[in-house]
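> Below are the chains, spelled out letter by letter.
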Amino acid sequence: MRTGRRRFVTRKVVFAAVTVFVVVTFNFFLFRVLPGDPAVGGLRDPRLSPERVAALQERFGLNDPVFVNLEGGNLLESQYFAYLGALAHGDLGTSYAFRDQPVSNLLGTALVNTVWLVLPAQVISIVAGVGLGLFAAYRRGTKVDVGALSFSLIMWSLPTFFLGIVLLFIGANWVGLPTAGRVTIGALYDTTWDQLVDIARHLLLPTATLALVLLGEYMLIMRSSVVDVLSEDYILTAKAEGLSTSRIISRHALRNALLPIVTLIALNLGFTVSGAIQVETVFSWPGLGQLTVSAVNQRDFPVLQGAFLLLAISVVLANLVVEIIYSWLDPRVSEA
Amino acid sequence: MSDRPRGFRGFRRHRLGMIGLAMLGIAVVVAFVAPLLAPYDPYANVTITIADIFQPPSGSHLLGTDDGAKDVLSALIYGARVSLIVGFAGAIISMLVGGTMGLIAGYRAGWLGQVLMRITDFFLVIPDLALLIVLVAIVGQSLRNIILAIGLLGWTGTARLVRSQTLSVRERKFVLRAKAMGAGDWYMLRRHVIPQVLPLMLANTVLVVSLAIISESTLAFLGLGDPRLISWGQMLNLGFTRGAVSAGAWWAIIPPGLAIVWVVLSVTLIGTALEDLLNPKLTRHHLEPEEIVATSPSGAQPVEDVLLDVRDLTVAFEGEQGPLIAVENVSFEVGRGRVVGIVGESGCGKTTTVLGALRLLAPGGKIVDGQVLLDGLDLSRMEPDELRRLRWDRVAIVFQGAMNALNPVRTIGSQIVEVIRTHDGDITKDTARARAGDLLEMVGIPRRRVRAHPHELSGGMRQRAMIALALACEPDLIIADEPTTALDVMTQAQILELLEDLQEQLGVSMVVVTHDLGVVNDACDDVVVMYGGRVAEKGPVARVFREPQHPYTRLLLDAFPTIEDPGRPLVSIPGAPPRLSDLPPGCRFAPRCPSAFERCHEELPPLYVTRSGEASCFLLAEPAFAGDEGV
Amino acid sequence: MRVSEPILVIDDLVVDFHGRKKGESIRAVDGVDLTVSPGEVVALVGESGCGKTTTANAVLGLVSPTSGRVTVGGIDIANADKAALKAARAGMQMIAQDPYESLNPRMTIGEIVLEPLVIHDFSEGDLNARAAQALGHAGLNPPKEFISRRPHELSGGQRQRVVIAAALSIQPRLIVADEPVSMLDVSIRAGILNLLQSLAREDDIGILMITHDLSTVAAYCDRIAVMYLGRIVETGPTLEVIKSPQHPYTEALLSVVPSHDPDHSMTPILLEGETPDAAKVPSGCRFHPRCPKVFESCPMVEPDLLEVGEGHRAACLLVSGLAD
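Those protein sequences? They're chains A, B and C, same order as listed. For the first sequence, position 45 (counting from the first letter as 1) is numbered 45 according to this note's numbering, and the numbering increases by one without interruption. For the second sequence, position 452 (counting from the first letter as 1) is numbered 452 according to this note's numbering, and the numbering increases by one without interruption. For the third sequence, position 215 (counting from the first letter as 1) is numbered 215 according to this note's numbering, and the numbering increases by one without interruption.
The hints are simulated quantities; they were obtained by calculation from the structure and are not laboratory data. Errors might be hidden in some of the hints.
[Said to hold, decoys possible] Output of the computed footprint for chain B on chain A, the stretches with three or more beta carbons under 8 Å from beta carbons of chain B:
1. 208-221
2. 234-245
3. 286-296
[What the hints assert, rightly or not] With a straight-line cut-off of 25 Å between C-alpha atoms, the simulated DMTMM-like cross-links for lysine to aspartate or glutamate are:
4. C:Lys-144 / C:Glu-179
5. A:Lys-143 / B:Asp-393
6. B:Lys-366 / A:Asp-233
7. B:Lys-173 / C:Glu-5
8. C:Lys-86 / C:Asp-222
9. C:Lys-243 / B:Asp-516
10. B:Lys-429 / B:Asp-393
11. A:Lys-143 / B:Glu-318
All residues carry an ideal CB built from backbone N, CA and C; glycine is no exception.
Bound conformation, chain A alone (with noise of 0.2 Å):
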């Protein structure tokens, strides 16, 4: 029903913005509470003198209380409101390592790059899982099914950086293609064209990688899901009505048996994160989690929160429209 259907998005809605606040805050307290005071630890470098570190301290606004201000006048007046203000005008801080540079530009061009790269790979990985998981399913026991059953096990258990090296290795020794970065670097293009092919050339071992891991288990809940749905009554029903075994499929199968995928699109958007920093680190591709492992190297932390916290939210919204295309495949769900 539709007004069943608005409750439930609205519900959704609003958890997901619950999420994101508590991700803000989270996000605050994990730099300033935890020992070893990050904030503080970036300025015990030796080098600096200790009027340097008093003037970052201040720039920074360290000496504040750092929730709220009991200490008189305005309960805001904190680290902690500091930061949700600047945030609300879309400031993250100024980044330690590249000085000056604003931390929202550092990340809005690696986030860009990280989506041409995640993308291409989630969708290969979802149509070849769901295709082959079908088809293992259908000619269940048969040497297919044993073959992908074989090969997600296989995919599981290799970590994702390692399949990346072992495409490297051969990619860049064996087949020539590049290795590194996004563009062949100083490179010259006659056209457009070419500029886009050098481009694909650089994204076909990382976005390989990717999907490859993505791919193991779309394959196998697929396999799963569709061997469930074939033996329920319907599809005895849809038999007994004389239906075309790819109509059954079709009609009857597949919409059913995508559920439980959506719903581990939605469960695996972390692991494709930690895929993505992963593969970025292991083919030097400028995005959000190389970003990440850079700051986490040089004790960058203003880039290091911004970059978690962009993260965490983009989970948080891409988990937030899975559902609502969950709630329109299955009209069950935002009854209950």
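Fit chains B and C to the supplied structure of chain A, relying on the hints for placement.
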């Protein structure tokens, strides 16, 4: 039986699981005796020259040397220690945290459970590797911190699993019974909940171990491992960042990678095996290729007034110890415009008979012998394509419990339209839609409900929709399999009335499968009483029920309460129906029959013609009882 | 016959549930009065959703009443302190519909039978002998063969007997049986029902039987209470209610019970439509939209249960004489 307690006892027969266990065993042994196995001490300081770096495998270095000129094999052997320690220690933390959270959230469904679940949901959407990186970067890269961080981030899956298990155990009747007896929370958890949840939690923990091992190696690869320790991820990190790829030094990269795969695969195999044992997955489905057995063609000519003629139908299912005969030599006829009831207790083969006749058996089942003639056409030997065209067009089915028999994600209307257009390609979509509306009105559902999904209708309404669907192609024969089971008496009466009206209006023939003698009496002209997969007795309902000839029919009628004669004492039939795997050699009913004599236990009785029809009982062979000699 | 005090007294019981929509409340049980005396089998009959199972759960203390009282052996279930409640529970046992779900698959039959004693810390005497005695009493002979077996080795009928044996082990005064035979094969139902009846007759146990099956009621229950949409619409001695039902709903229900007697000649009274949603209870007499005998006053006046014969009461305006 379905509720046999699931345990890990069958593990030794699970091949993949045993392989996994052996692989893990090897890794554990290697980790324990690392100093004995390793040719060099990877922690020792050595002075090196450029020439020692990335040396290919040789006699003195079986797997070559790494970027620090150290022996790769030795590092590999020592690396097993870190992976296994982090994997198991992290998983134990995850299991304790997740198990406790899940148990509380599931057992206390109130606000506390809600809060815990929200916390779990929150951690579930946080990208775990990103958080792991941040955490380790902040608290420092020591082994202890890494174990803690991995353990404290890996619990969400366990918590969700344990919670949903606990929630379902909590609703089970034996828990409610204990609660009604006055059991306290601690007793309930200890005696009922934890024993049910624990095995699944252990199986899950094994998978958590594999996640923890992967997390550790990933962290180390990203440069966030404990710098003082040699781990496989660390080896990959150093090899990768210090030029192993460009040096072509595969030996510095492939072995540690494969070592990780080895351990993770071993643990995953064990975990999958444990899950298989606890939750045996369905492995069969309705679209598996059908096995058609060539049955002997009968010489008999089709009889004029008979629409469906089932002759000597025998159906078998694959069993663990060979085929199980579920239906044996069943013959009955459905005359044009007649309603035939097939009645019997659960497991007597009544549903298998009708599904077998239409070749709609569950996977693993097949017709072994006999013919099924529909208007003279033998369904049992027909080509699949021909059979498909005939289905629903001439024989439709009203299934038991229409909730599952209708596709839950499609509207009632679209399912009716689909079947109409499948069997008549000339009908336009609009005409078919109009017809779907007409059909719904015919069975007493408002026209506008064509857009309803099955879950939006009540049980009675769903059964009506199922009947409308069955009428869609104007079939000659409708098979109703327990059409009113699970419905309330009043709804049952309404549905029976509807079927009766439609039958009179459309002149359609029907087979009604039911366990309820009252339904047979209300709705049917003829009855087939089945027991143990065979026909015990058949004939016109009024005659069979008035003068039952088979002891089983008689005892069944005596066991059935009636409202007219409340004072009549009811009598149970002693014993239980036979299992398919353990059928008695003679008459199926002999072990429970008060009139059984020696012959009954040795031979299968044929069907004898009786005053009220036919019955399969040796008592009727005695001249004193029988009219004519049997067939 | 009935000289003793009732073991169970339900007094104006009301149970509300939260509805699907926020703030909505559904009245599953709306003012039910009922008593069960020792040695008596009382049936609570109705279609699904009429509130009979909720009533049983309130008796068992599994749901708390919104108002009204449930007293078992003199103890007010909803307001008793922990110790008193536990004492009341020792005297009252439950038999559920599904014998496959009622037994913990990981426990042995012996453990299951002794569970009530363990929960109530009984340790006097030989527990094993007690388990054997209860099993034998429930018709599982010889008991020794069952004690160490597990539920999956038993048939449905045997399992239901194990449930009964467990109930008997603590010597209860009240048994609440929720559809005790509806999942069992017809050929073995009579055995279970005969057993329950003999427990009432011989051991003086009061039995509250929840069922939708009027033909079972007819043969095995002393008194009957028919529920419709949360209320008792008719109650009385079974034979009298069945022979001369006073409420049109009872009359209709009785007329549609299928019979296997070919000479059965009752014309079924088919009611229109389905039982309304408990969230939308009709005004006046809640049965009026479906009642074949409805007249003008029915949508306005809610009828009370009035005496129509010895212990026979019905809630219908036709009975109360307001029909004119």
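> Confirm or reject each hint.
Each hint, compared with the structure:
1. Coverage of the region 208-221 of chain A by chain B is violated in this model, with 0 residues showing a Cβ closer than 8 Å to a Cβ of that chain against a need of three.
2. Here the region 234-245 of chain A counts 12 residues with a CB under 8 Å from a CB of chain B, which clears the bar of 3, and the coverage holds.
3. Residues of the region 286-296 of chain A with a Cβ under 8 Å from some Cβ of chain B number 3, which satisfies the need for three, so the listed coverage holds.
4. For the given pair, C:Lys-144 sits about 29 Å from C:Glu-179 by alpha-carbon distance, which is inconsistent with the 25 Å threshold.
5. A C-alpha spacing of about 37 Å is found between A:Lys-143 and B:Asp-393, which places the hinted pair above 25 Å, so the restraint is violated.
6. Distance restraint check for B:Lys-366 and A:Asp-233: the Cα-Cα separation of roughly 18 Å lies within the 25 Å cut-off, and the hinted pair is therefore satisfied.
7. For the hint pairing B:Lys-173 with C:Glu-5, the CA-to-CA distance comes to about 31 Å; that exceeds 25 Å, so the pair is violated.
8. Between the alpha carbons of C:Lys-86 and C:Asp-222 the distance comes to roughly 29 Å, so the proposed pair goes past 25 Å and is violated.
9. Proximity of C:Lys-243 to B:Asp-516 is assessed by CA-CA distance (about 23 Å); at most 25 Å being required, the pair is judged to hold.
10. Note on B:Lys-429 and B:Asp-393: the hinted pairing holds, with a Cα-Cα distance of about 18 Å set against a maximum of 25 Å.
11. At roughly 22 Å between alpha-carbon atoms, A:Lys-143 and B:Glu-318 fall within 25 Å of each other, so this suggested pair holds.
Violation of the numbered hints given earlier is confined to hints 1, 4, 5, 7 and 8; the remaining hints are satisfied by the structure.
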